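Student: Those sequence lines, one after another, are chains A and B. Reminder that position 202 of the first sequence reads as 202 in the numbering used here, one-by-one numbering, no gaps. Reminder that position 317 of the second sequence reads as 317 in the numbering used here, one-by-one numbering, no gaps.
Hints in this document: simulated from the structure, not taken from any laboratory. Predicted, not measured: the structure shown is a model, and the values here were computed from it. We put the CB at the ideal spot given by N, CA and C, even for glycine. A couple of the hints might just be wrong.
As the list claims (entries may be wrong) - Subject to a maximum C-alpha distance of 27 angstroms in a straight line, what follows is the list of computed BS3-like cross-link-like pairs (lysine-lysine):
#: 1; chain 1: A; residue 1: Lys18; chain 2: B; residue 2: Lys264
#: 2; chain 1: A; residue 1: Lys209; chain 2: A; residue 2: Lys191
#: 3; chain 1: B; residue 1: Lys241; chain 2: A; residue 2: Lys191
What the hints assert, rightly or not - Reference listing, derived: stretches of chain A covered by chain B, where coverage requires no fewer than 3 residues with Cβ under 8 angstroms from a Cβ of chain B:
#: 4; segment: 31-43
#: 5; segment: 104-117
#: 6; segment: 203-217
#: 7; segment: 267-279
#: 8; segment: 288-295
Chain by chain, the residues:
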Amino acid sequence: MTTNSLTTSRGAGRAGDKVFSGATLAAGCLILAVLFGVALFLVIQAIPALVAPSADIQGGHGFFAYIAPIVVGTLIAAVIALVIAAPIAVGVALFISHYAPRRLASGLGYVVDLLAAIPSVVYGAWGAAFLAPQISPAYGWLASNMGWLPIFQGPASATGKTILTAGIVLSVMVLPIITSLSREIFLQTPKLHEEAALALGATRWEMIKMAVLPFGRPGIVSAIMLGLGRALGETMAVALVLSSGVLTASLIQTGNQTIAAEIALNFPEASGLKVSTLIAAGLVLFIITLAVNMIARWIISRHKEFSGAN
Amino acid sequence: MTVTAPVARKRSALTKGQLPAFAPYVVLAVALVLGAAILALIGFNAFGWGLVSAILFAIGLVGWSALVEGGRKASDKLATCLVVGSFLVALLPLISVIWTVLVNGIPGLVTPGFLTTSMNGVTGSLDNKSVDEGTKVLGGIYHALLGTVQITLLATVISVPVGLLTAIYLVEYGNDRALARAITFFVDVMTGIPSIVAGLFAAAFFFALVGPGTKTGAVAAVALSVLMIPVVVRSSEEMLKIVPNELREAAYALGVRKWRTIIKVVIPTAISGIASGVTLAIARVIGETAPILVTAGFATTINNNVFGGWMASLPTFIYTQILNPTSPSNPDPSSQRAWGAALVLIILVMLLNLVARLVARLFAPKAGR
Chain A
1 MTTNSLTTSR GAGRAGDKVF SGATLAAGCL ILAVLFGVAL FLVIQAIPAL VAPSADIQGG
61 HGFFAYIAPI VVGTLIAAVI ALVIAAPIAV GVALFISHYA PRRLASGLGY VVDLLAAIPS
121 VVYGAWGAAF LAPQISPAYG WLASNMGWLP IFQGPASATG KTILTAGIVL SVMVLPIITS
181 LSREIFLQTP KLHEEAALAL GATRWEMIKM AVLPFGRPGI VSAIMLGLGR ALGETMAVAL
241 VLSSGVLTAS LIQTGNQTIA AEIALNFPEA SGLKVSTLIA AGLVLFIITL AVNMIARWII
301 SRHKEFSGAN
Chain B
1 MTVTAPVARK RSALTKGQLP AFAPYVVLAV ALVLGAAILA LIGFNAFGWG LVSAILFAIG
61 LVGWSALVEG GRKASDKLAT CLVVGSFLVA LLPLISVIWT VLVNGIPGLV TPGFLTTSMN
121 GVTGSLDNKS VDEGTKVLGG IYHALLGTVQ ITLLATVISV PVGLLTAIYL VEYGNDRALA
181 RAITFFVDVM TGIPSIVAGL FAAAFFFALV GPGTKTGAVA AVALSVLMIP VVVRSSEEML
241 KIVPNELREA AYALGVRKWR TIIKVVIPTA ISGIASGVTL AIARVIGETA PILVTAGFAT
301 TINNNVFGGW MASLPTFIYT QILNPTSPSN PDPSSQRAWG AALVLIILVM LLNLVARLVA
361 RLFAPKAGR
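Next up, chain A with everything else stripped away, as it sits in the complex (with noise of 0.2 angstroms):
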């Protein structure tokens, strides 16, 4: 008696379809499960916080008076960053896309990625160290020279550890995500189009204004919206540079303080109803920037043409 090969391995491939399926499958709704497993826990462990006596949570004014001026060192610092780095990597990025040597181009992005491979700690070791000290006088500068405009009031911290030193270090740690994701856009601009501008005697800062930059916003205005995200949720830096203290509108001054570098600094010897603040604090920061993200990432999925970009 023959037995037909085909017919006998027929079962078990169809099983092994089944599990290997289920098994991609079970992966993809982890993944899911993941990110609201992120938001339950978080929500559970912030309870208590939130329905604590005011009295119990630190400044002893409830969560709300703790949170605020937190969310608004956080938001100072990103803006700080945002201000600075988005020029300068829009730039860059037209750079390596437009300006630069063609054969030098992918060498070029391959630097300004190797900033963003450098671990956070080193940066705010180096902002510590190196940036703060160099910049001091600059702020004492400021403070004897511009001290008339609010940001700016006297008198500059000596030490240079503010939330303008932590707003440019973290100025450097986006720089990458804008510009390389910039780039991707600009160098998808239809050839047709910068051609046409250039053939019509645009010179090349024309053809850009012309062709690019309008193909380009909405990809620039998400990755400068990534950038945010990025910024808002960002440690080590603001731990290790900004010496915080309590919400001041002077950007020179010592003060502020970020959700993020909150938590870092007083999460290791927390416990009890502390611990749980410090979630609920971290649950916020965890909105913020979902929402940021997601306005982002909505903006790119509206612009089919920039699937690639991400």
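Fit chain B to the given chain A structure using the hints.
Tutor: Frame of chain A, contents of chain B only:
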């Protein structure tokens, strides 16, 4: 007989109204000299010289161009100056960071025993003694190195199967269904989770599951996995997508099952890209500080058990040595150790990046014949 008038030497009409080709070099030379002169008046430093010269160069070139060539060409030159300038500005921090780490880190790294001893028993008084007597700084990063390797390995073991299977689902089974689109969207969103929130999640998860205050290497590995999985998914997905459909169809035509096709044909074709993506993901999480800080605590001793006890890692070692020096009155030995550890960490990350590029190049499928 006609006499031809001698032709006056003049520039061609095509090149009239343009700056000569040497104009940028002349302006650069003038700007450098002027910059040096101005800086000499207010106190010379290299950074200020570069800055002042760059501004003078831009003003000079754009102004000259505006006089000779008109506004359009001048604004083009201004844009070029700004674009090139922004690139140079972006290079400054990179050079400065690497220089700072090298200068401060090498003394720590070359101290004998730095890589092979832990901080067990190294106290503030020992640090004070080494400063007073000028002896070598005791203590090293062996425990932190060991912790980093263990935590990162465990995170990789968790992330790679989950990330790779998800990528396979998205490319091979997803068919652009609602679930696949949801996974793609949320994986993108997950790449933006702040690292400290990932750490808090892992901490909150284990606090609820095991008990409050649970801090071990495994918790840190879970936190790192949350950061690593989306990176693995994205890079593997890109790599699986570029596997030519003809290969799959050829396998199906031979009667091979879909799962065997994926394992025997699709993945081997894309393996170089996947391996390089995984290496880059490791490079990304190996330097993460905040999630380890809130999940694994600090330790000064060697801990070989990922599932029990606090564990040190390189990034948290750097952080604690800078923020809380072993000897508060003499922070120098601590800062030397911290910079040495930072140098080791940067070398590790750069090596991983290099390995990723080499893997992608060496094991790439042969294109064409």
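Student: Against each hint, give a clear statement of whether it holds in the structure.
Tutor: Each hint tested on the structure:
1. Our distance criterion of 27 angstroms between C-alpha atoms is met by Lys18(A) and Lys264(B), whose separation comes to about 17 angstroms.
2. This hinted pair checks out: Lys209(A) and Lys191(A) have alpha carbons roughly 14 angstroms apart, not beyond 27 angstroms.
3. Taking the CA atoms of Lys241(B) and Lys191(A), the gap is near 25 angstroms; set against the 27 angstroms cutoff, the hint holds.
4. Beta-carbon proximity to chain B at under 8 angstroms applies to 8 residues in the segment 31-43 of chain A; the threshold of 3 is reached and the given coverage holds.
5. Only residues whose beta carbon comes within less than 8 angstroms of a beta carbon in chain B count, and the segment 104-117 of chain A has 6; three or more means the coverage holds.
6. Counting residues of the segment 203-217 of chain A whose beta-carbon sits less than 8 angstroms from any beta-carbon of chain B gives 5, enough to reach three: the coverage restraint holds.
7. Only when three residues or more bring their CB closer than 8 angstroms to a CB of chain B does the claim for the segment 267-279 of chain A stand; here the count is 6, and the claim holds.
8. Three residues within the 8 angstroms Cβ limit are the bar, and the segment 288-295 of chain A against chain B gives 5, so the coverage statement holds.
When the structure is compared with the earlier hints, no violation turns up for any of them.
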